[in-house]
Amino acid sequence: MGLLLFTPALAVIALLFILPVAYEIVISLYRSRVYEASDPFVGWENYRRLLRGGDFPESLGNTLWWTVGSLIGQGLIGVFLAVLLMRNLPGRGAIRTLLLSTWIMPGVVVGAIWRWMFDPIAGVLNALLAGVGLPECDFLGRVDTALASCIATNIWRGVPFWLLMVSARLQAVPQEFYDAAAVDGASGWRRFAHITLPQIRNIVLLCAMLSFIWTFNAFDLIYALTRGGPDIATTTIPMLIYESGIRNGHFGEAAAMSIVFLVLMAAAIAVFVRTSLSRQEEV
Amino acid sequence: MKRQAGVVCVLLLLAAGTVCPAAAAAPDGAQARPRIRITYATPITQSDLFERGEKQVLTRFMAENPDVEVVARQIPFDNYDMQVLLAARAGRPPDVGRVNHSTVQTWAGAGYLVELDDFVARSTVIDPNDYWPGFWNICRIRGKLYAVPLGTDCRVLLCHVGLFRQAGVRPPRTWNELVEAARKIHRPHEKVYGIAFPTNNEWSATYDVIGNFLVANGGRIIDDDGTRGTIASDPRAAEAFRFVCELVTVHKVCPPGMANLGGDVIESLFVNGRLGMMVSGPWVRAGLHRLRPDFEWKIHYDMVPIPAGPATGRSGSSQGGWLIGVFQGSPHREAALRLLEYFSRPESFALMAGAENLPPRRAAMSLGPFQDPFYQVFFEQLPNARPPVALVPQLPNVARAIQRAYQRVVAGGAGVDETLAWLENELTNHLLR
Chain V
0 MGLLLFTPAL AVIALLFILP VAYEIVISLY RSRVYEASDP FVGWENYRRL LRGGDFPESL
60 GNTLWWTVGS LIGQGLIGVF LAVLLMRNLP GRGAIRTLLL STWIMPGVVV GAIWRWMFDP
120 IAGVLNALLA GVGLPECDFL GRVDTALASC IATNIWRGVP FWLLMVSARL QAVPQEFYDA
180 AAVDGASGWR RFAHITLPQI RNIVLLCAML SFIWTFNAFD LIYALTRGGP DIATTTIPML
240 IYESGIRNGH FGEAAAMSIV FLVLMAAAIA VFVRTSLSRQ EEV
Chain A
0 MKRQAGVVCV LLLLAAGTVC PAAAAAPDGA QARPRIRITY ATPITQSDLF ERGEKQVLTR
60 FMAENPDVEV VARQIPFDNY DMQVLLAARA GRPPDVGRVN HSTVQTWAGA GYLVELDDFV
120 ARSTVIDPND YWPGFWNICR IRGKLYAVPL GTDCRVLLCH VGLFRQAGVR PPRTWNELVE
180 AARKIHRPHE KVYGIAFPTN NEWSATYDVI GNFLVANGGR IIDDDGTRGT IASDPRAAEA
240 FRFVCELVTV HKVCPPGMAN LGGDVIESLF VNGRLGMMVS GPWVRAGLHR LRPDFEWKIH
300 YDMVPIPAGP ATGRSGSSQG GWLIGVFQGS PHREAALRLL EYFSRPESFA LMAGAENLPP
360 RRAAMSLGPF QDPFYQVFFE QLPNARPPVA LVPQLPNVAR AIQRAYQRVV AGGAGVDETL
420 AWLENELTNH LLR
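So the sequence lines, in the order shown, correspond to chains V and A.
Sequential numbering of the first sequence, starting at 0, is according to numbering that gives the first Met the number 0.
Sequential numbering of the second sequence, starting at 0, is according to numbering that gives the first Met the number 0.
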């Protein structure tokens, strides 16, 4: 009877997750190219090609920088702003609303806005640099600045989510904790370290996990900003999968990359969940 | 009951009304032939270009062939190749459609296109000797014909008349003259720049940036049988690649952002008097007009052939264009071939002049729109034009590698020699394998 009740849920999971992934694994074992009439079975060859070199290792490195840089930036700025906006600042409601509007924008729109701001000929950032006498910079067009510029844009886009989540948690922290600490003569930093941080730790872990999933998977923002260039300075794994599968029609290779990507993400999420659970047990 | 009978009577009258005109239209009581519906795939999605060009051809074809109805399937250029390929692979291709010159080998090799030798041999419209031979030969794969040319193009150098006059220079005919003119025009502190090329996608980087100078200098990026990279070992190819990179890194006569510059930005700079030179094809006039309707050829800008390469002493340009083919699996092959033949008439090319391609056959050159002196420089350039890269199935990857090599030098500070060695190795040992 219990199994019968589970059947609809299992069927939905099978249809939406297990079947597509199984099909993807099957495709990854074939040399499936859109312009070739037959798809010969090649076993693990597509996976071996990934490990042998090409663009995969460099794109994996870009993906890690992109994800870690974005997470650290979003987390630090998001928590800082959340704590700041807990104070009775004038117009803090309007500031929160304004900040949130950036989070609900589609990635392509954010990309278009920042692409214009980074523009080396007509961009506002270069106008500001020139205004203070600094040399102008082709932010998205240089190999050494393109990825950092993409990360900065993603931080701008992701901070409001952290702000919203951490603010909501902070409002639930009893004021008595802070009053008692003030009576004990605790400084602002000690109150933050010993009251605020422990109280928001779980929400920070949750935000980190969700942001990790969104950032690791992100495609639209980078595509709108740089299309993976210059050279492959901003090509992350999702960009590489798009390039290989959609643009070049190499379905087998793109499928192999997707499976490796899925395994890497699943492993990272497992680590997150494990860390989160062990922290909760400690508390 | 009365009401039901009334409804039945109305329905019968309607049915009779539908059948009777059709019977009346059939000559001498013969039964009307059912209309065949075929699909025509095209990447022309801008409504004005389609209305002025292909739609007119299709309308005339249907008027002359009342038994055929043609449905145009317009697919944006960026997705065109992939969508048509996926449809062909799924067994539901269009009956007839445009084939990019860069993909005909791939599509024919995969068996998606109908072989046309017998049909062309019987045709009284398609005369192989009337076509530009270089472009006709692109349609031949392993000795068999799989498509016929629909339109071709080449690139020329556009010069801003006002900026040239201010700088006191003449339109360049050699690479040295080009550098000299660009230097005299370039005033970056006033945001006026010497020359720019579109580099924000692999096809622009390959055809509009490297390709023109490579063809003018007689170089080869890969060998003719498409098995090996030659860009580093062929001194003419290496010289062309170096020249284009050094415009940015040594001569510094380009606007900022040359690693990832879009054609729209370049056209905007040009019409606003902030860019001295740009490279483009016959479609440029419409684009410039869209930005500034009063920006006129000969008054505001002039066009000359791509400056001659030092190794050959002659001009040259990248050549691209479109072919038309019939797809395997079309249930109406005869009607599809009729449409292909109709598109190949010189009058059809004249109708499609609005689509901004040059005619692929000489018979169309004498027709109305192509007698416009605007086309003269393109007809002068065309005999020295060819696709800059051998048309291998891996062409998208090859083009992307060329774009990456260019970006490595101008955006990453890499040396030209080491980059050329990297590119040749990438081509020979990875992409062409």
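These are calculated hints, taken from the structure and not from any lab test.
Worth double-checking, as some hints may not be accurate.
Examples of chain V residues toward chain A, derived with CB under 7 Å [what the hints assert, rightly or not]:
no., residue
1, E23
2, V33
3, Y34
4, E35
5, D38
6, P119
7, I120
8, G140
9, R141
10, V142
11, T144
12, G228
13, P229
Far from chain V, some chain A residues (derived; all Cβ distances over 10 Å) [as the list claims (entries may be wrong)]:
no., residue
14, P42
15, F60
16, V70
17, L85
18, G133
19, R141
20, E176
21, T226
22, E333
23, Y341
24, P392
25, N396
26, R407
As a list, the in silico EDC-like pairs of lysine to aspartate or glutamate whose alpha-carbon atoms are at most 20 Å apart [claimed, not checked]:
no., chain 1, residue 1, chain 2, residue 2
27, A, K251, V, E135
28, A, K190, V, E135
29, A, K143, V, E35
30, A, K183, A, E245
31, A, K190, V, E35
32, A, K190, A, E179
33, A, K143, A, D116
34, A, K54, A, D66
35, A, K54, A, E346
36, A, K251, V, D118
All C-beta atoms in this analysis are idealised placements derived from N, C-alpha and C, irrespective of residue type, glycine included.
- Task: May I ask which of the numbered hints given earlier this structure violates, with the numbers listed in increasing order?
- Result: Going through the list in order, the structure violates hints 1, 5, 11, 17, 24, 25, 26, 31 and respects the others.
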